[in-house]
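Throw the hints in and build the complete structure from the sequences for me.
One rule links them: number in the working numbering = place in the sequence shown (from 1) + 99.
Check each hint, because a few of them may be wrong.
As the list claims (entries may be wrong) - So the derived label-pair ranges between C-beta atoms look like this: (1) Glu-173 <-> Ser-134: 21 to 31 Å; (2) Glu-173 <-> Leu-105: 30 to 40 Å; (3) Leu-137 <-> Ile-226: 34 to 44 Å; (4) Ser-150 <-> Pro-205: 16 to 26 Å; (5) Val-228 <-> Ala-203: 36 to 46 Å.
Said to hold, decoys possible - Heads up, simulated PhoX-like pairs for lysine-lysine below, C-alpha to C-alpha not over 20 Å straight-line: (6) Lys-168 <-> Lys-147; (7) Lys-235 <-> Lys-248; (8) Lys-164 <-> Lys-153.
None of these hints come from the bench; they were simulated from the model.
Glycine included, each C-beta is placed from N, C-alpha and C at the ideal position.
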Amino acid sequence: MFFYILILYFLLIASHELGHFLTGWYLGIPPNRMSVQLFKYPPQVLLKDNSGGKVSVDNFEKYFKIMEKYISTEKAFWFYIIGGNIFEFMTVLVLSIFALSIEAFPLFPVRISIFLMFLTSLAYLAIDVVFTLYVKRPYGDFSGAWMIKPFLTSVFYVVYFGSYILIYLLLK
100 MFFYILILYF
110 LLIASHELGH
120 FLTGWYLGIP
130 PNRMSVQLFK
140 YPPQVLLKDN
150 SGGKVSVDNF
160 EKYFKIMEKY
170 ISTEKAFWFY
180 IIGGNIFEFM
190 TVLVLSIFAL
200 SIEAFPLFPV
210 RISIFLMFLT
220 SLAYLAIDVV
230 FTLYVKRPYG
240 DFSGAWMIKP
250 FLTSVFYVVY
260 FGSYILIYLL
270 LK
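Structure, rendered in structure tokens:
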């Protein structure tokens with residue numbers, strides 16, 4: 100049972116980062132200029148500079164200079180930032196529908212994984228807010244999106260977290 104929970108939890112984290120990658124690709128960032136980092140903290144999509152060096156979002160100015168080469172509008176920047184949450188949530192929906200449609204499928208690991216992802220997302224949100232206030236620049240997905248479109252970001256995250264709660268309750 101623990102193994103299933105671990106696999107599902109990793110799948111959700113990987114789907115979040117894959118969402119950033121696919122959104123970036125869709126918006127015009129060449130796939131060979133991105134690299135998904137899953138096994139180091141924090142998991143993220145690294146961008147590659149002209150020399151092929153990997154640039155973390157921790158190097159805020161350089162990261163966004165690279166992004167600006169490919170993404171030119173605020174709307175596209177916002178979509179890139181939110182893309183991880185969108186893809187992760189789509190994975191949760193598909194997984195939940197799959198789990199509910201197969202009678203023999205164990206719901207407990209899915210439910211626990213969704214609960215863990217919900218808690219992880221809340222923790223990331225809290226860390227993001229605290230560090231954004233501390234470093235005085237966006238630190239994570241929420242603050243980056245908030246900087247661009249505060250109202251839309253608020254609505255998105257209310258729906259995002261509310262949907263997690265609803266899905267968790269439906270999987271009883």
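How the hints compare with the structure:
The supplied range of 21 to 31 Å is met by Glu-173 and Ser-134, whose beta-carbon atoms lie about 25 Å from each other. The supplied range of 30 to 40 Å is met by Glu-173 and Leu-105, whose beta-carbon atoms lie about 38 Å from each other. Range check, Leu-137 to Ile-226: about 18 Å between beta-carbon atoms, so the 34 to 44 Å window is missed. Remark: the range hint 16 to 26 Å for Ser-150 to Pro-205 is contradicted by a beta-carbon distance near 48 Å.
The beta-carbon spacing between Val-228 and Ala-203, approximately 42 Å, falls within the hinted interval of 36 to 46 Å. A threshold of 20 Å between alpha carbons decides the hint, and for Lys-168 with Lys-147 the separation of about 12 Å falls inside it, so the pair holds. For the hint linking Lys-235 to Lys-248, the alpha-carbon distance of about 17 Å falls within 20 Å, and the restraint holds. About 13 Å separates the Cα atoms of Lys-164 and Lys-153, which keeps this hinted pair within 20 Å; it holds.
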